[in-house]
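Those protein sequence lines, which keep their order, are chains A and B. Residue numbers for the first sequence follow the numbering used here, beginning at 2 and rising by one. Residue numbers for the second sequence follow the numbering used here, beginning at 849 and rising by one.
Please keep in mind that the hints were generated in silico from the structure rather than gathered at the bench. Given the structure is predicted, the values throughout are model-derived calculations rather than measurements. The beta carbon of each residue, even a glycine, is placed where N, CA and C say it ideally should be. Keep in mind that the hints are not guaranteed to be accurate.
Said to hold, decoys possible - Listed next, with one range per pair, are the computed distances between beta-carbon atoms:
| id | chain 1 | residue 1 | chain 2 | residue 2 | range |
| --- | --- | --- | --- | --- | --- |
| 1 | A | G95 | B | N1092 | 40 to 50 Å |
| 2 | B | D897 | A | D96 | 19 to 29 Å |
| 3 | B | V921 | A | Q396 | 52 to 62 Å |
| 4 | A | G150 | B | K922 | 13 to 23 Å |
| 5 | A | R99 | B | V1017 | 18 to 28 Å |
| 6 | B | K1001 | A | F94 | 56 to 66 Å |
| 7 | A | I328 | B | G1058 | 39 to 49 Å |
| 8 | B | T1082 | A | F100 | 49 to 59 Å |
| 9 | B | K876 | A | Y267 | 49 to 59 Å |
| 10 | A | G95 | B | G1066 | 23 to 33 Å |
| 11 | B | D1020 | A | F94 | 24 to 34 Å |
| 12 | B | G1058 | A | D96 | 30 to 40 Å |
| 13 | B | A886 | A | S201 | 55 to 65 Å |
Stated by the list, open to error - Listed next, the in silico DMTMM-like pairs over lysine to aspartate or glutamate satisfying Cα-Cα at most 20 Å (straight line):
| id | chain 1 | residue 1 | chain 2 | residue 2 |
| --- | --- | --- | --- | --- |
| 14 | B | K1094 | A | D21 |
| 15 | B | K966 | A | E133 |
| 16 | B | K963 | A | D320 |
| 17 | B | K1089 | B | E871 |
| 18 | B | K1078 | A | D320 |
| 19 | B | K966 | A | D21 |
| 20 | B | K973 | A | D320 |
| 21 | B | K1034 | B | D1002 |
Stated by the list, open to error - Which residues of chain A face chain B? A partial, calculated answer using Cβ under 7 Å:
| id | residue |
| --- | --- |
| 22 | S266 |
| 23 | G268 |
| 24 | D271 |
| 25 | I274 |
| 26 | G402 |
| 27 | R404 |
| 28 | F432 |
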Amino acid sequence: MMNKLLLLPFLILCPLSHADFSDQGEITFESRKFENDNSRLTYDDNLALFTRAQLKYISGGFTAALRGYGRVDSKDKDRNHLVVEDAYGSYIFGDEGRFKLLAGWKLFNWSAMEAFHPADVVNSKNFDGEIENLEKKGELTLEGEFVVGDGTLNLYFWPRVESPIFPSSRSRTGVNFGVEFQDSVWVDGTDTQSNSSWQSQWGIRFNQTIGDLDFSLQYLDHFDRVHPLLGYSNGISFGGSEVPSNQLELRPHFYRVKEVGGTLSYGYEDYLIKAEGSYREYEDEFQTLTPITTTSFERRSPKDHGELALGLERIVSFDSVEHEATIIFEVTSILGPTKIERRKLSTFQRDALLGLRYNFNDFMGSELFFSYIQDIEYTDERLINLSFTRRLSDQWKYKIGTRLYQAKENGFYGLQVYKGDSQGYLNISRFF
Amino acid sequence: MRSVSNLCLILILSLLSQFSFAETSQEKGLRIAKEAEARNNGFIGDESDLEMVLIDAYGSKIVRKMEGRVLEVKDDGDKSLNIFLNPKDVKGTKMLTWSHKNEDDNQWLYLPSLKRVKKISSRNKSSSFMGSEFSYEDLGSQEIEKYKFNFLKDGKSAAGEDVYIIERVPVDNSGYSKQVVQISKKHLNAVYVSYYDRKSELLKTAEMSGFTKYTVNGKELWRATLIHMKNVQTKKESIFKWTNRKLGVNFKSSLFTKRSLKR
């Protein structure tokens, strides 16, 4: 019924002349198997059906877009989601279309990198997934866009926040340490109690192309949805130290932040040089009661910090076999806070990635992907990703792979969170 | 005696004039290339449905479909936009190319599943286009500034058409050491190209056919509707077809921007 209602505006608009209507999507059968954790409380394997669909209607300067995804898991009901990525209307004004207005839910991708994304910060995430490329939720947006040279100046207003998706306590995708999270808290100055989704935020972004250089600059006053602080809002004094007043009230706390950032892509000879960065200043008067161990706690808030990622990419062709390989190198670091504070801020607080995408250039688009993410500070932590994709026909495709997490011990920070959660997976997709 | 000296003077002047106005093979090659470019300019905008048939060494075939748009740019290379329609997993992928006469092209790829516009390096021109025998270089803008030309001889094409046979050597950054091009004397379009790899061995041949006449602002323009590319080393083949082609289309320049890729 809901889907039919969402389709209604499109059906009304379809008969208009000179209109272009397009649709596309996929249905994927997902299966994944985690390494055994000897716990009967968690699901060591998942079978799920994932679907993503997009409808787009363009008539003159008007565009209407509807896009979303859904997932139904055979065991873990908390993995069942229906997420709107796009549901907006936009209108381009003028003959050359130099001004655009957009209103509705929108998914943004501001990243220039493959694994580390300091500047891609707008949308709330689904933390049940690949930590380096999480699924996103659309955000209610009012956008004005002006053409400037070979780029644009964009102004944004976001009147509400979408709550991120966290895996259930029975999920093997780490993150929540086997504890069920309560609703997210939006920390705005000293106001800690707000779990209302109606929180106004705004931003401005400028992007431009000059010769071989693409760059963007952005300023945002919004809630940081990339670095949640997991803890308790309220505590009581017990034996001289503060403990949560209710142990079941574990919540992700998202702090309001003013951040300036940007991206850069520059083609130099055979290389593509990339950079992405951000500096964040939090409204951090309120401090969250966070666990240090299972029995001890401390009050803290996210530290102001910079985050910088640099990347290099090169395509190498093997003419004799007509194959080609894309070699990717990326490195990222949190700048400013101490080593211990950095650790608490991000999974990838100082990490490097070496990646290889090997394309066989055959009829079926066979592709091998390998990436190795190494923590440079905590050298016992690494993430290895190996996958192979191949078409079965024009519509069908499969992907088989493995993700291996390595860390010295289980813990609350970095890749320690994922220790023991290595997995193998097979996805079979039907595209339409 | 006077008449003898006059005759000598005339002979010397004639020889000098022959010497000063004699066209070298390089000059003639460049002149023909320039004439061909001038003859084919003025299309304003080119819109078509594109189909590519990939044939492996055993004769198995697979079809790829795209929409193509080209915007003519005065004093620089053209801008092009290709929208992929199949296979379905890449449906909606768009490739935007700003080609340039004297510098590397700018190229971006829009990946609809990620909603991401990715800048890509255009230096690696020998990469296969969608797994076909066509490389990005074959399908990109063929600006004359990117080659050195050498006229080889007059000849006849396989179809019996009078052609100029010209060798063109890439100035910089190419997957080929040279190309030998047969240019129709009738409409100054390439009708056959032999591509030589970096070891100077014959790699591929391309045969253009189905030439169709278009008239744009009173100017006659000819375009091939089919290119049959054969890789003589791997025995694989690819056929590129244009259908529903329109020339003289007045595109908005805003269509060929990064911004429009996301629309």
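What hints, given by number in increasing order, does this structure fail? Structure breaks hints 1, 3, 5, 9, 11, 16, 17, 19, 25, 26 and 27.
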